[in-house]
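Q: The chain contents come next:
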Amino acid sequence: AQSVSQHNHHVILSEAASLELGCNYSYGGTVNLFWYVQYPGQHLQLLLKYFSGDPLVKGIKGFEAEFIKSKFSFNLRKPSVQWSDTAEYFCAVAGFQKLVFGTGTRLLVSP
Amino acid sequence: DGGITQSPKYLFRKEGQNVTLSCEQNLNHDAMYWYRQDPGQGLRLIYYSQIVNDFQKGDIAEGYSVSREKKESFPLTVTSAQKNPTAFYLCASRAMPGQLEAFFGQGTRLTVV
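Top to bottom, those sequences are chains Z and F. At position 21 of the first sequence the residue is numbered 21 (the numbering used here), and the sequence of numbers has no breaks. At position 43 of the second sequence the residue is numbered 43 (the numbering used here), and the sequence of numbers has no breaks.
Taking lysine to any residue pairs in the SDA-like style, the calculated list, with each CA pair at most 20 Å apart, reads:
| # | chain 1 | residue 1 | chain 2 | residue 2 |
| --- | --- | --- | --- | --- |
| 1 | F | K57 | Z | Q2 |
| 2 | Z | K98 | F | P75 |
| 3 | F | K57 | Z | S3 |
| 4 | Z | K69 | Z | Q2 |
| 5 | F | K57 | Z | A1 |
| 6 | Z | K98 | F | L27 |
| 7 | Z | K58 | F | L100 |
| 8 | F | K57 | Z | G95 |
| 9 | Z | K98 | F | N28 |
| 10 | Z | K58 | F | E101 |
| 11 | Z | K98 | F | Q56 |
| 12 | Z | K61 | Z | A16 |
| 13 | Z | K98 | F | E62 |
| 14 | Z | K98 | F | D30 |
| 15 | Z | K49 | F | M96 |
| 16 | Z | K49 | Z | N24 |
| 17 | Z | K98 | F | M96 |
| 18 | Z | K98 | F | N53 |
| 19 | F | K9 | Z | Q45 |
| 20 | Z | K98 | F | V52 |
| 21 | Z | K98 | F | I51 |
| 22 | F | K71 | Z | F96 |
| 23 | Z | K98 | F | F103 |
| 24 | Z | K98 | F | F55 |
| 25 | Z | K98 | F | E72 |
Label-pair ranges, simulated between beta-carbon atoms:
| # | chain 1 | residue 1 | chain 2 | residue 2 | range |
| --- | --- | --- | --- | --- | --- |
| 26 | F | T5 | Z | S18 | 36 to 44 Å |
| 27 | F | T111 | Z | I12 | 25 to 33 Å |
| 28 | F | L100 | Z | S26 | 18 to 26 Å |
| 29 | F | S7 | Z | D54 | 39 to 47 Å |
| 30 | F | K83 | Z | K58 | 40 to 48 Å |
| 31 | F | N53 | Z | W83 | 46 to 54 Å |
Keep in mind that the hints were calculated from the coordinates and are not lab data. Even for Gly, the Cβ is constructed at its ideal location relative to N, Cα and C.
Okay, chain Z solo, but in the shape it has when bound (with noise of 0.2 Å):
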């Protein structure tokens, strides 16, 4: 069955932090991975995708994930978060059919 999974269920950081949020899928065969960011009471937006080729993947403002097959994972990072960071973070997974979310990560970054 095609699952993801997010270890962190809420980070509070300071301005400058770094930031890694983990992520581990579960899905037999190709995968599409993705980070959406939900700012508060705003659509969810894609931050990035990963469909093949290099496994570090830059997005939007600044973060970067990579996907690491042999450990089923693509983790979101940013060296350097601001407080406009916070928002609440889903990782997904997509299949040929199913695209799966995981259960989100809210980040408080603190001025």
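Once you have looked at the hints, place chain F on chain Z.
A: Chain F only, in chain Z's frame:
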């Protein structure tokens, strides 16, 4: 503008009534999805559809029904059999074959009293 439209944004219903949430897209996407978002539980897949007149159950389909009579429309009915229907419902679509990201509507917040 291309996009996904969910209506209404807020919906109130009495317990025991069925209610239908609308989702329309003009992106010419083949696949459409319904999710339920609850605090601490992320987005859980209710139903999805890849083509017209075909749809599959997701992880929490009990108490819900859908139809896909047109490519651009994928309405979700929350039936009286759904034990805890109060939630935020999100509709999404994406082009197929499934290698592209999903686009989301603004969501419908359903409150059953």
